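Residue numbers (the working numbering), protein chains in the order written: chain V, 1 to 117; chain A, 118 to 230.
Keep in mind that a hint or two might mislead.
Straight-line Cα separation of at most 30 Å, BS3-like style, residue types lysine-lysine; simulated pairs [claimed, not checked]: (1) K217/A x K229/A; (2) K173/A x K20/V; (3) K41/V x K154/A.
Taking beta-carbon pairs under 10 Å as the criterion, some of the chain V residues facing chain A (in silico) [unchecked claim]: (4) Q6; (5) H7; (6) Y36.
Every beta carbon over 10 Å from chain V, so not counted as near; a handful from chain A, in silico [what the hints assert, rightly or not]: (7) S129; (8) Q162; (9) Q222.
Hints were generated in silico from the structure; no laboratory data involved. These numbers come from a predicted model, not from an experiment. Beta carbons: idealized from backbone N, C-alpha and C, even for Gly.
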Amino acid sequence: GAVVSQHPSWVICKSGTSVKIECRSLDFQATTMFWYRQFPKQSLMLMATSNEGSKATYEQGVEKDKFLINHASLTLSTLTVTSAHPEDSSFYICSARDRGDPGGKLFFGSGTQLSVL
Amino acid sequence: GESVGLHLPTLSVQEGDNSIINCAYSNSASDYFIWYKQESGKGPQFIIDIRSNMDKRQGQRVTVLLNKTVKHLSLQIAATQPGDSAVYFCAENVWNQGGKLIFGQGTELSVKP
């Protein structure tokens, strides 16, 4: 089946630093990828839709200058948490849809646990 | 629908029993629904899906029922096993919003041996 690789799987950083998370579709091309955030014992909250070659679409309440998304190719989207603070500590998950199956299922990465000290 | 800020309800069943997990969705424009299983520290794992032109779909040990009238979805797991213990989420594909997937509240399933 289709594989989405997310890296790193966990990261610890100091407050004020920036962290980049990568999401790659390994065996398919994805014009659209989605970024989610999940707090403990809660559901996945959609943060933004990453569109290849254009600007990301952010959900209401998500700061676009804080969470920078770049989708430079059909197989890679990155999420950069800028000037991270302890409240940004969370589990971040990416997902991608095969461009050849636009109405089909999303494939998920394994997630990145971010801890900001 | 969106469930930010809510904590997960739990369902506890005995090994071998059947489990039923329910989910309400909110958007009438949703045309595709998926159930995911999530284990601690991992990303969601696809279980089964159903399109809006169907009301029932069966997989191996799992069945999904869709009631569009009341915007309700359920997941039935037959002969529940300890390995089924996880959090289960339903998700709705909102086709008129770029095909984004919105997750429901989730239910934590605990299987007693």
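The hints, checked one at a time:
For the hint pairing K217/A with K229/A, the CA-to-CA distance comes to about 35 Å; that exceeds 30 Å, so the pair is violated. A C-alpha spacing of about 41 Å is found between K173/A and K20/V, which places the hinted pair above 30 Å, so the restraint is violated. Taken as a hint, the K41/V and K154/A pair is honoured in the structure, with Cα atoms around 14 Å apart against an allowance of 30 Å. With a least beta-carbon distance of about 7 Å to chain A, the hint placing Q6/V at the interface is held under the 10 Å criterion.
Against a cut-off of 10 Å between C-beta atoms, the interface hint on H7/V is violated, since the closest Cβ of chain A lies about 13 Å away. About 8 Å separates the beta-carbon of Y36/V from the nearest beta-carbon of chain A, less than 10 Å, and the hint is met. With a cut of 10 Å on Cβ distances, S129/A stays outside the contact zone with chain V, its closest approach being about 16 Å. Q162/A, annotated as away from the interface, has a beta carbon of chain V within 10 Å; the closest lies near 8 Å.
Its beta-carbon lying about 6 Å from the closest one in chain V, Q222/A breaks the requirement of being farther than 10 Å from that chain.
Comparing the model with each numbered hint stated earlier shows that hints 1, 2, 5, 8 and 9 do not hold.
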